[in-house]
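Asker: Based on the sequences and whatever the hints tell you, model everything.
The opening residue of the sequence shown carries number 313 in the working numbering; numbering runs sequentially from there.
These are calculated hints, taken from the structure and not from any lab test. No false leads were mixed into what you were given.
Derived SDA-like pairs (lysine to any residue); straight-line CA-CA distance at most 25 Å:
no.: 1; residue 1: K437; residue 2: K548
no.: 2; residue 1: K397; residue 2: V341
no.: 3; residue 1: K384; residue 2: N565
no.: 4; residue 1: K397; residue 2: R375
no.: 5; residue 1: K575; residue 2: L334
no.: 6; residue 1: K423; residue 2: L566
no.: 7; residue 1: K534; residue 2: E469
no.: 8; residue 1: K317; residue 2: E372
no.: 9; residue 1: K394; residue 2: I524
no.: 10; residue 1: K548; residue 2: D479
no.: 11; residue 1: K397; residue 2: P439
no.: 12; residue 1: K369; residue 2: I352
no.: 13; residue 1: K397; residue 2: L373
no.: 14; residue 1: K423; residue 2: I573
no.: 15; residue 1: K317; residue 2: D442
no.: 16; residue 1: K381; residue 2: D361
no.: 17; residue 1: K576; residue 2: C539
no.: 18; residue 1: K437; residue 2: E371
no.: 19; residue 1: K575; residue 2: T485
no.: 20; residue 1: K446; residue 2: E327
no.: 21; residue 1: K534; residue 2: I573
no.: 22; residue 1: K448; residue 2: N553
Quick caveat, the model's predicted, so the values are computed rather than measured.
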Amino acid sequence: MESEKMILLPLDGSESSLSALLPAKSLAVLLNMSIYILYISDEELSREDLIKKLKLKPEELPRFLLAQKTGKPADVILSELKSVKYIVMGTHGETANLEELTGSVSREVLKYSEIPVLLIHPNMKLPVQDNIWKPKNVLIPLNGTLGASHTLGPVIEILVRTSAELDLLHIVTSKAEVPTSPGCLTTPYYVDFPQLEWTSWSKEFIRRFGPILHNHNHINFKLSISCGDPADEIIKFAEKNHNDLIAMTWHGNLTEPHATILKKVMRQAPCPCLLVRIVNNQ
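Answerer: Below you can see the structure in the form of structure tokens.
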């Protein structure tokens, strides 16, 4: 199998972790990739017993590699990153408390992964057609800072392969100060009046901060702007516009008081979140 054509799917046999099986299978089909199913445990199982334990139906899966390894689960998962392009995993595993944001393994993987992580909550219901979950309307919130354009390449690949529509959302907070850092772009005063500043401002905003789309002119996208609490605005927008995937960039720190927007979106979003960490050297 080609390493660049693999999606990593960690499973522990629990119903919670198995919630990620359908999304992983769907992305593998849509992106023409293979699934690398990873089971981490000290128990030794034959391939047949492992397939049974993980409740897999090989005849219903695309190309897949099945491996069993020992060690600390998060460390083992992170050691496989060089051979995969995406991670798809449940927010919680066998022993996790669903009242918490994520289980400990998902949290560690999310914190250190330099490739996109698609998190699936076990209680989330995904729209399925022909046994496939296919995102049709993807939401990418943009905060007007540099770093997102190159980071979001893997998200754009999903858009290209699925022909999904793209919503770009910029949120202006009422308490926001005028940005002074190099490269920032202030929101136009007459943003609600398209005949004034909006057209030229939106083009410049997308050029600076949006995902790289110039090589994908067939992607249909729309830039919207709202005002308020960023997490609330993202959640309301996704619900109103029936977004079935939210892709967000972040800096890798889940400890308080960091990532408050991300954590609230993860808790309340009506659809899966694809999280892409901005690496320092980008």
